[in-house]
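Q: Here are the chains, one letter per residue:
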Amino acid sequence: MSTKQWPLWEVFVRSKNGLEHRHFGSLHAADADMALENARDVYTRRNEGVSIWVVESKNITASNPEHNGEMFEPAKDKVYRHPTFYELPDEVKYM
Amino acid sequence: MKKSLYNYILGIADNSLILGQRMGELCGHGPSLETDIACTNISLDLFGQVRSYYQYAAKIAGDGRTEDDIAMLRKEREYVNVLLVEQPNTDFAYTMARHFLFDVYHLLFLTELKKSKDMTLAAIATKCIKEVRYHQRFSSDWIRRLGDGTEESQNRMQAAINDLWTYTDELFHQTEADKAMVSEGIGVDVTKLKEAYYEKVNTILEESTLTIPESKYFQKGGKMGIHTEHMGFLLSELQYMQRTYPNMEW
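Each protein sequence line maps, in turn, to chains A and B.
The UniProt record's numbering applies: residue 1 is where the first sequence begins, and numbers increase by one.
The UniProt record's numbering applies: residue 1 is where the second sequence begins, and numbers increase by one.
What the hints contain is simulated information worked out from the structure, not anything from laboratory work.
Keep in mind that the hints are not guaranteed to be accurate.
What the hints assert, rightly or not - Distance condition first, Cα-Cα at most 25 Å in a straight line; then the derived BS3-like pairs of lysine-lysine: (1) LYS216/B with LYS127/B; (2) LYS59/B with LYS114/B; (3) LYS200/B with LYS114/B; (4) LYS58/A with LYS4/A; (5) LYS59/B with LYS16/A; (6) LYS75/B with LYS16/A.
Said to hold, decoys possible - Listing some non-contacts, in silico: residues in chain B with all C-beta distances to chain A over 10 Å: (7) SER32; (8) THR35; (9) ILE37; (10) ARG77; (11) THR90; (12) ASP118; (13) ASP141; (14) GLU151; (15) ARG156; (16) ALA159; (17) ILE186; (18) TYR197; (19) THR209.
In this text, a Cβ means the ideal position worked out from N, Cα and C, and glycines have one as well.
Make a model of the complete structure from these sequences and hints.
A: Set out below in structure tokens:
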């Protein structure tokens, strides 16, 4: 096996028409076509999908876990941003 | 008629069985995890296909033998697959070249088999063709990738194509069963696939910046049960479980 790794790709699969693509996992591939074929074989061989997106992992900009304090903490004590202070009639389901 | 149909079905099924076994050998040994899964997947596609054929053959034979008996318990000379599919996985270029050279034939063959007067064969062909279309896409992409890749990958792919080329002509030889089934409107006239086959293969080789071999010397024998030295080793592994634990079932 080569010591040089193929680039990493992130795989998004739409399970059913009408649903959004969801992140399924990642894999290695030399190019986009190979990534798509590998994704088909690795993630959809048990009939899990109707559409696949692949994107090279380096193209994803991720938030830095070290910045989680300033990124996410301030939202924690702002419960009023959740619309939980309303009385919902019983007729309104699935809110 | 019954005997010819039986032999004809084996002629189709044995190709996929032996090729499936070769691809299955890569399980746990593929060049990368993803390619390993892809090859094993293709192997399972082929095994799935041959089950339908052998079940049908068992029904035609009507002598109490099951699909497993037919697939697993024949002797080497009774297998009628083409020599191409039994060639070993020398390296990944060989594995893909062998698959590609068979896939192009397989897709053309099934496209014609769909029109068979035999409803069962036509139905099996219709089911298999989507899988085989993917196999051809997968192997063709690898021919291009390695052929039009680095100097090393191109040399290896060219060597594989050159070595395996000698087994391609046999795909278009007619057996007695072939002739009988073609005259019944059941079988595919493989001699008519030859032109389209080389056209497709040559196009992809050219796209892959590979040289089309000029050799006019071709090997044959598999369709008559006369195999290369690799076949015995392959069968001993394929048949190991049934020979060691007779009548075992999953």
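Q: Does each hint hold? Answer for all of them.
A: Comparing the hints with the structure gives:
1. LYS216/B with LYS127/B: Roughly 35 Å between the alpha carbons, so the hint for LYS216/B and LYS127/B is violated.
2. LYS59/B with LYS114/B: holds (20 Å)
3. LYS200/B with LYS114/B: holds (20 Å)
4. LYS58/A with LYS4/A: holds (17 Å)
5. LYS59/B with LYS16/A: Since the Cα atoms of LYS59/B and LYS16/A sit roughly 39 Å apart, the hinted pair is violated (cutoff 25 Å).
6. LYS75/B with LYS16/A: Violated: LYS75/B and LYS16/A sit about 47 Å apart, past 25 Å.
7. SER32: Per Cβ check, SER32/B is inside 10 Å of chain A; nearest 6 Å; violated.
8. THR35: The assertion about THR35/B is violated, with a minimum of 7 Å to chain A.
9. ILE37: violated (5 Å)
10. ARG77: Since the minimum Cβ distance to chain A is about 36 Å, ARG77/B lies beyond 10 Å and the statement holds.
11. THR90: With a cut-off of 10 Å, THR90/B remains clear of chain A, as the shortest Cβ separation is near 17 Å.
12. ASP118: holds (29 Å)
13. ASP141: violated (6 Å)
14. GLU151: holds (15 Å)
15. ARG156: holds (13 Å)
16. ALA159: The assertion about ALA159/B holds, with a minimum of 19 Å to chain A.
17. ILE186: holds (32 Å)
18. TYR197: holds (23 Å)
19. THR209: Fine: 16 Å to the nearest Cβ keeps THR209/B off the interface.
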